[in-house]
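Novice: From just these sequences and the hints, can you work out the full model?
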Amino acid sequence: MKLPTLSTLWKVLRNAVAALCGLVIVIALLPSKARSQLGLDPCCAMMQVGLNTISGLLRNSVAMPLGSIQQSQQQSANFEQQVVFPMAAINQARSMAVQFESQFVQMRQLFQLPVASATLPMPQMLEQSLLSANPGAMPQITSNYYSLYGTVMTPANAPQPVRNLVDMTDAEAQAAMKKAVEIDALADLELQAAEQINQQLQTAAPGTSPILEAETATWLVRANAYTQSAMAELVRVRSIELANSSGQLKFSASHTATLQTTGNQILQQGVQ
Amino acid sequence: MKTKTLEFLRNFQHRLSRSKRWLVVAVITMCLIPANTRAQGIGDLLLLLHTITSTLQGPIGEALSEMRKVSAAVNNFRQQIIWPLALINQTRAFVSATRARYTGLMSQIEGIKNNSATLTLPMQLESVFRSAQSGSMGQIPSIYSQVYQPVALSGIAQPVQRNLMDMDDAMSMDSLKTAMVSDQTTQSMLTLADSLEQQAMTAAPGSASMVTAQARVSDLETQAQLAKMLAAQLRQEATKLAHQNALLKQRSVATQSLQNQIQQVLAHP
Chain A
5 MKLPTLSTLW KVLRNAVAAL CGLVIVIALL PSKARSQLGL DPCCAMMQVG LNTISGLLRN
65 SVAMPLGSIQ QSQQQSANFE QQVVFPMAAI NQARSMAVQF ESQFVQMRQL FQLPVASATL
125 PMPQMLEQSL LSANPGAMPQ ITSNYYSLYG TVMTPANAPQ PVRNLVDMTD AEAQAAMKKA
185 VEIDALADLE LQAAEQINQQ LQTAAPGTSP ILEAETATWL VRANAYTQSA MAELVRVRSI
245 ELANSSGQLK FSASHTATLQ TTGNQILQQG VQ
Chain B
256 MKTKTLEFLR NFQHRLSRSK RWLVVAVITM CLIPANTRAQ GIGDLLLLLH TITSTLQGPI
316 GEALSEMRKV SAAVNNFRQQ IIWPLALINQ TRAFVSATRA RYTGLMSQIE GIKNNSATLT
376 LPMQLESVFR SAQSGSMGQI PSIYSQVYQP VALSGIAQPV QRNLMDMDDA MSMDSLKTAM
436 VSDQTTQSML TLADSLEQQA MTAAPGSASM VTAQARVSDL ETQAQLAKML AAQLRQEATK
496 LAHQNALLKQ RSVATQSLQN QIQQVLAHP
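Residue numbers (the working numbering), protein chains in the order written: chain A, 5 to 276; chain B, 256 to 524.
The set of hints was computed from the structure by calculation and includes no laboratory data. It is possible that part of the hints are untrue.
To be verified - Coverage of chain B stretches by chain A, computed from C-beta distances (three or more under 8 Å per stretch; other residues unrestricted):
| hint | segment |
| --- | --- |
| 1 | 299-307 |
| 2 | 363-376 |
| 3 | 433-443 |
| 4 | 495-502 |
Claimed, not checked - Coverage of chain A stretches by chain B, computed from C-beta distances (three or more under 8 Å per stretch; other residues unrestricted):
| hint | segment |
| --- | --- |
| 5 | 75-87 |
| 6 | 139-146 |
| 7 | 155-166 |
| 8 | 188-195 |
| 9 | 204-217 |
| 10 | 228-238 |
Here the structure is a predicted model, which is why all the values come from computation and not from measurement. Just so it is clear, CB atoms sit at the ideal spot from N, CA and C, and this is done for glycine as well.
Specialist: This is the structure we're talking about:
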C-alpha cells in the first residue's frame, strides 16, 4: 500500500516539476509585447485618433498663426521697401552727394584765388603773411608789422601813458592779424572735412547717414566755436579803438589844461 | 500528408496522459494571455498623446497667437502712427508748397540791385565788386586806383606814409575781392539749398536722413566760408587800428620834436 502511494506521489511530483519547468520555459519565451491575432490592435486605433488630433491642432493652433505672422511680416517688409526706404530715393540722395562734390571743390578753389594787392615791398611782405593761412608764419607777422608801422616810441619821444596806449594798440592789431591767419587755416580744414564727409555720403546707407550727420554736426559746433572766437577778437579790436578815442580825449583835456595854466602864467608875467 | 497529420494527432492523444493534456492546454493558454507590459505601454502612449496635444494647445498655440497679435500691432503702428502714407505725401506736398510760395519772392529780393554810385568811375568800381564774378577781380586794382588815386610818389610823401597808404589800399582791395568770391559762393550755396529742397520734396522717410546729412555738410561749408569773411574783416579792422596807431606814433614824435625846437628857440632869444 505504501509503495504504490509513494510511487503515485513520485509521479505526481515529477509531473508537477515537469509542468513547472515547462511553464517557466514558456514564460521565458513569451514576447514582451504581442499584437492581437484577431482584428486591429486597439493601440493603433488610439494612436490614429491621437495623431489626427495633433494634426488638427498643428493646422489650427500652429500653422494658421504662423501663416498670419508671415503675411504680416511680408506686408511690413513691402511697406519698408516701397514707402520707408525705397531704393530709388536712396540712390537719388547718393547721386546728389556726387553732384555736390564738384560744387564744393569749385567753391574751395574760388577762395584760393590770389587777392594780394600791395605794391610796395614792406606792405607786400606783411600782406603775404596775412593772406598765407599758415599759422607757422606768425613770427613773420610781428617783424613785418613793426617794419611797416614802426615800434613803440622811445621814452624820450613820448610820455609813458602814450607809450602804453600805443603798445596796447599794436598788440591788439597784431593779435587780430594773427587770429585772421588762424581762422583762415581753420576754415581751410573745415572745407577739407566737409569734402571728405561728402565723399562718405556718396556711399552711405540710410542707417549710416545719421552717424555722418552727427559727425558733421560736431564739426559745425567746432566751426561755430571758431567763429565765436573770431567775433571775440573783433570785439577786442573795436574795444581798443574805443579806448584809444577815450585815451586821446583824456590826453587832449590834460594838454588843454596844461596849456591854459601855462598861458595864464605867461600872461601874468607880462602884466607884472 | 493530411492523413499522416491526423494519425500523428491521434497517436499523440493516445500517448499523452490526461494530466499531460492539461499541461499542454495550460501552456497554450499562457501563450494567449496578454502581457502586463502591454497594458502599461498603452497607458504611456495615451499619456504622451495627451501631453503633446495639451502642449500644442497651450504654450505653443497661445504664444503663436500672441505673436500674431504683436506682429499685427507693430505693423499697424508703423503704417498708421510712425509712417502713415497719407501724412508722408502731405509733408511732401507741404515742402513743395513752401518752395512754390517763397522761392519766387526770395529770387525777387535777391535780384534787387543795390548799386548806388552816380559818377562814371565809382559806378564802374561798384559794378565790378558787386558782380559776384571772381573772373572780374583783375579789374579791381586799376579802377580802384582811378577812384582812390594811386599811392603818392616818393617825392610827395614820406616812405612811412606811402607804406601806410599802400597797406590800407591793399587790405581794402583784398576785402573787396574776398567779398566778390563770397558773393559767388553764396550763389552756389543757394543753388545747393534749392537742390536739397527738391530732394526733400521726393524724399522717403528712410532717405530723409541722407538729405539732412547732406544739408549739414553744406552748412559746414557755409560756416567755413563765413569764417573766411570774418578773417577778412579782422584783417581790415587790424589794419585800421594799426594805421591809427602809426599816426599816433608819428604825431607823438613830431610833437616831441616841435617841443624841443620851441624850447631851443626860447632858450636862445
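Novice: Do three or more residues from the segment 188-195 of chain A put their C-beta atoms closer than 8 Å to C-beta atoms of chain B?
Specialist: Held - the segment 188-195 of chain A has 6 residues with a Cβ nearer than 8 Å to chain B, which meets the minimum of three.
Novice: Go check the segment 139-146 of chain A versus chain B for me, would you? Three or more residues, Cβ under 8 Å, otherwise it fails.
Specialist: n = 0 at 8 Å, threshold three: violated.
Novice: Are three or more residues of the segment 204-217 of chain A within 8 Å, CB to CB, of chain B?
Specialist: Check passed, 7 qualifying residues.
Novice: For the segment 363-376 of chain B, do at least 3 residues have a Cβ located nearer than 8 Å to some Cβ of chain A?
Specialist: violated (count 0)
Novice: Just to make sure I understand the rule, a stretch counts as covered if three or more of its residues have a C-beta closer than 8 Å to a C-beta of the chain. Does the segment 433-443 of chain B meet that for chain A?
Specialist: Coverage by chain A holds for the segment 433-443 of chain B (5 residues, Cβ < 8 Å).
Novice: Can you confirm whether chain A covers the segment 299-307 of chain B, using C-beta to C-beta distances below 8 Å and requiring at least three such residues?
Specialist: holds (count 4)
Novice: For the segment 75-87 of chain A, count the residues whose Cβ lies under 8 Å from any Cβ of chain B; is that count three or more?
Specialist: holds (count 7)
Novice: If you count the residues of the segment 228-238 of chain A with a beta-carbon closer than 8 Å to a beta-carbon of chain B, do you get 3 or more?
Specialist: holds (count 7)
Novice: Quick one: see if chain A covers the segment 495-502 of chain B, three-plus residues with Cβ-Cβ under 8 Å.
Specialist: holds (count 7)
Novice: Closer than 8 Å Cβ to Cβ for three or more residues is the test here. Does the segment 155-166 of chain A pass it with chain B?
Specialist: holds (count 6)
Consistency note: the structure conflicts with the earlier hints numbered 2, 6.
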